[in-house]
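Working from the sequences, and respecting the hints, build out all of it.
These protein sequence lines are chains A and B, in that order.
Take the first sequence: its letter number 109 is residue 109 in my numbering, and every next letter is one higher.
Take the second sequence: its letter number 23 is residue 1023 in my numbering, and every next letter is one higher.
One thing to keep in mind: the hints can contain errors.
[Said to hold, decoys possible] So the derived list for chain A, only partly shown, Cβ under 7 angstroms to chain B, looks like this:
id, residue
1, Phe-28
2, Asn-32
3, Pro-46
4, Phe-102
5, Asn-145
Everything labelled a hint here was simulated from the structure, so no lab data went into it.
Glycine included, every Cβ here is placed at the ideal spot set by N, Cα and C.
Below, each chain spelled out in residue letters.
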Amino acid sequence: MGILYDDFKAEAEKSGYFVNGDVEFVEFLLENLKTNEERYGYASCPCRLSTGIKEADKDLICPCDYRDMDLNDYGSCYCALYVSKDVHEGRKEIESIPDRRFDELEKEKTIEEDNKTRPDSALIGDLKYPVYRCKVCGYLCARENPPDVCPICKADSERFERFL
Amino acid sequence: MNLTHVDGENKGEVLLFALSTCGWCKKVKDFLMNNNVEFDFIYVDLTSGDERNETVKEVQKYNEKISFPTLVINGETVLIGFKENEMKEALNL
Chain A
1 MGILYDDFKA
11 EAEKSGYFVN
21 GDVEFVEFLL
31 ENLKTNEERY
41 GYASCPCRLS
51 TGIKEADKDL
61 ICPCDYRDMD
71 LNDYGSCYCA
81 LYVSKDVHEG
91 RKEIESIPDR
101 RFDELEKEKT
111 IEEDNKTRPD
121 SALIGDLKYP
131 VYRCKVCGYL
141 CARENPPDVC
151 PICKADSERF
161 ERFL
Chain B
1001 MNLTHVDGEN
1011 KGEVLLFALS
1021 TCGWCKKVKD
1031 FLMNNNVEFD
1041 FIYVDLTSGD
1051 ERNETVKEVQ
1061 KYNEKISFPT
1071 LVINGETVLI
1081 GFKENEMKEA
1091 LNL
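Shown next as structure tokens:
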């Protein structure tokens, strides 16, 4: 035991993220991420209910769209796979946190509805390049297409949204 | 809905909606077993088709956000997530 954990931890820390120090707990989650990858064809969050339809579950592919917000607000992601620096350094305890996905999806729906009725501003029309946003970490880049892999958090290009 | 029964001491009607892959769900299940509590559970991720729809509707009755683990005690006390102290209190442990 530990190899799976050590590799995962090293990879996370390269991108500036910290992993829960409970090796057994983390390895249980990592094994189940693998289970989900085999089941669905993508590594969907093991702590949330997937539909098996990639488009509907895209926000749940680990690292999920909600990891960074939960790290900020609670000190861990929903599964407690990733933790904040405070937790990592022992200044904060890990606890089971509420799932923000339902509320975030509602919020997103409202914003999309609002945007439909709002004409694009002149500024957006004048942009030389479209701006893409990584939904996992918030990285922004102005170029014709999103990068294949987010240079910050290593998320796939399909996790990018057109931002401007 | 296909429930799995776990024998133990009767502390009321204890029903756990869980995912087979979820760490906090495992913690709740282990807690109940370690405390010898009689309960039923279902791994919602392992259901499909009509059973999935039926089970999700059932979870939604107790937890609008359909998150896991959702623990229902006597059809009225709902504990969402792994809440050790609240479980102890609700189950008189």
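Now the hints, each set against the structure:
For Phe-28 of chain A, the suggested interface contact is upheld, since its CB lies about 6 angstroms from the closest CB of chain B, less than 7 angstroms. Against a cut-off of 7 angstroms between C-beta atoms, the interface hint on Asn-32 of chain A holds, since the closest Cβ of chain B lies about 4 angstroms away. Because the beta carbon of Pro-46 of chain A sits about 4 angstroms from the nearest beta carbon in chain B, less than 7 angstroms, this interface hint is met. At about 4 angstroms, the closest approach between the beta carbon of Phe-102 of chain A and any beta carbon in chain B falls short of 7 angstroms, and the interface hint on this residue holds.
About 33 angstroms separates the beta-carbon of Asn-145 of chain A from the nearest beta-carbon of chain B, more than 7 angstroms, and the hint is not met.
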